[in-house]
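S.K.: Okay, here's what each chain looks like letter by letter:
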Amino acid sequence: MTAVHLGMPTLPTAPRGVGHLRGTRSFPDEARDSLRNGQLRANLGHATTTIRGKRAGVVAELPDWEQLRQAGAALKRATMARLDDHLEELERQVTARGGTVHWARDANEANEIVVRLAREAGAREVVKVKSMATQEIGLNEALEAAGIDAFETDLAELIVQLGEDKPSHILVPAIHKNRSEVREIFARTMPDVDPDLTDDPRQLAMAARAHLRERFLRATFAVSGANFAVAETGTLSVVESEGNGRMCLTLPDTLVTVMGIEKLVPTWRDLEVFLQLLPRSSTGERMNPYTSTWAGVTPGDGPQDFHLVLLDNGRTAVLADEVGREALNCIRCSACLNVCPVYERAGGHAYGSVYPGPIGAILSPQLTGVEDNASLPYASSLCGACYDVCPVAIDIPSILVHLRAEHVEAQTHPTAESTAFAALARVMSRPRLWRAAQRAAGLGRFLSRGKPVLPRLPGPAAGWTRSRDLPTPPAETFQQWWAKENGGGRS
Amino acid sequence: MKVAVFATCLVDTLTPQVGIATVRLLQRLGHEVVVPPGQSCCGQMHVNTGYRRDAVSIVANHVRAFAGSDVIVSPSGSCVASIHHQQAQVARRAGDTALAEAAQELAGRTYELSQFLVDVLGVTDVGASYPHRVTYHPTCHSLRLLRVGDRPLQLLRAVRGLDLVELPGAEQCCGFGGTFAVKNAETSTAMLTDKMAAVLSTHAEVCTAGDASCLLHIGGGLTRLTSGTRTVHLAEILASTDGARTATQVTQPAVLA
Ligand code: SF4
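Chain order of the listed sequences is X and C. Letter 284 of the first sequence, counting from 1, is numbered 636 in this note's numbering, and no numbers are missing. Letter 249 of the second sequence, counting from 1, is numbered 252 in this note's numbering, and no numbers are missing.
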């Protein structure tokens, strides 16, 4: 609607057939299966409860949290309003410091650029810093197709890769696995692993370290994402906990950073706000252990060839939507996932996208076009817990409701549901018809044959009555009672 | 004060006892109560399911029905939140500025029951008596959209004979979410199951809340399990007095904690 409103042509969304933004089944179908997985429910329930508590504790320490949050939201809003100018400034600054900037319209272009750069550098293998953007575009698959091995170095991402699994959380991709499951994966897939490996977290971390160390030392080519880019100096930044990211960012000869165009902040001062908001919201720490920043190339220090790939992949289309564009303000802290009662039960895979949880439910459908992810905006009870914790105050419930309407309004033919809602609206806006309809609802009493609850119902109502009773409608509505009480008796 | 009651479509049709209790309570507190006859629905279900265009005529009807009312009180945090946060927006998006302004203005005169009692009337002891073991579920929209805070608890604490027990994980959603309960029935049921487990762990006879919709959901689950715990709207508890109580209402917890 906004695109039309602005008189702009429809902007391209993320292309089909590449990357990981679309599932094969709808959310309710996926959730029906995952909800039956008791181990998953236990793992997720435990992990999200723990991290929720940690976050709440460290956020409560800051008396000015709400002001910080509003500052974060305001900075993002102002940045997005002039994103084109800031991006060009970023390009100028990165170039001036010896880096090369590439503009990728979509996943295919971004993958082609990275594959080409790897080939030019003669790399047969690539080490990777945990990155959502490269997961989004399916870079590992593209590299593999070109005969180049990609090694994930983030511990949780490594667990997912070794287990031939999919990430289910944006910060802890293996959150759905517990430590004995992790031990099993390591024991099965790591060539030189100690056969007596236990599920002690320290032992598991040491096994991963030994496994990765060798790869860091021989790697010549690294790919990363970015948490932030500072336009005024062309500086990129990665925030992490393990230090594996820093190994990748400093040891290889060539570094390619793939970054969504929305990750940019105009100035260093802006970083001050986000570096306070992010760690407390994501890992529940006051400060994250490793914050790496780099600008272009420094002779004799770190990678001597640096490339920045600026990825659109549907983001400009999101930016054009006045309501939905707020989703681009996300700093990927994952706080909204950790508090979401739907995510906690259904798990991240049910969302069918690398972006699960509340943020995924508003971001994936916008990047792909809402019809390609039409069930996601409905995958929420609109409880609002996500909005409350979001460090940049993204009103996720309102965007979910907006996207539901975009889906409804995209239909070219009436559906059974739209016909029913239109009829109901006609009735509800005409008091006489409404009272007649209520009397008809009262007829539902006959269905229950004197019992206090209705029998199980057919059609869409079956979804309710399979697990919940519906009370038998009363003999008299509230308004009928009122009219009788007050002598009118009319209805 | 002359108070207009907006019952909500759900209370009007399915749980009239909640509307009746709201009327009785306000009358007992000495106010003149009216029930404007043109009322039906606030439009929330349409908006939240994606039918914001269809919702415009419902909003217009709501605004028309309450045009002459100075103060409107409703026993639903969710519907009042929709009146405050959605009605004007929906009208504005449809290009009906006059309706948007009227809706905005109406929202300023519309209160959720516990907020009206505590903030406008300044009472926490409404003279109620309810000798039961009760646990309170803060519904999501009351909690996060309207920020009613502990007002319902203040009111419950002042009720004679009421034994208030804290609900573990109180702020977790019960899984209702309007059409979510049908479109994502399994996930909704999983959330409900955990909510019911928490309610039952309190050994309360009654689970109360400020929204009839969430109570319909929790109550529908509890009766399906043939549980002895029932759901009762906050308005019904606050409307109860010694005189209004029947012998059968005086019960003990079925299971002792
Ligand atoms: S939407 Fe907000 S809470 Fe969710 S990941 Fe993004 S920044 Fe964090």
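Do not rely on the hints blindly, as some may be mistaken.
[As the list claims (entries may be wrong)] According to the in silico footprint, chain C covers these stretches of chain X (three or more CB under 8 Å from chain C):
#1 371-383
#2 488-497
#3 687-699
#4 754-762
Simulated from the structure, these hints should not be mistaken for lab results. Cβ coordinates follow ideal geometry from the N, Cα and C atoms, glycine included.
S.K.: Do three or more residues of the segment 754-762 of chain X come closer than 8 Å to chain C, measuring C-beta to C-beta?
M.R.: Satisfied; 6 residues make the cut.
S.K.: Per the coverage rule (Cβ-Cβ under 8 Å, at least three residues), is the segment 488-497 of chain X covered by chain C?
M.R.: violated (count 0)
S.K.: Report holds or violated for chain C covering the segment 371-383 of chain X, Cβ cut-off 8 Å, minimum 3 residues.
M.R.: holds (count 3)
S.K.: Using a Cβ cutoff of 8 Å, are there at least 3 residues of the segment 687-699 of chain X near chain C, or does the coverage claim fail?
M.R.: holds (count 4)
Checked against the numbered hints listed earlier, the structure breaks hint 2 alone; every other hint is satisfied.
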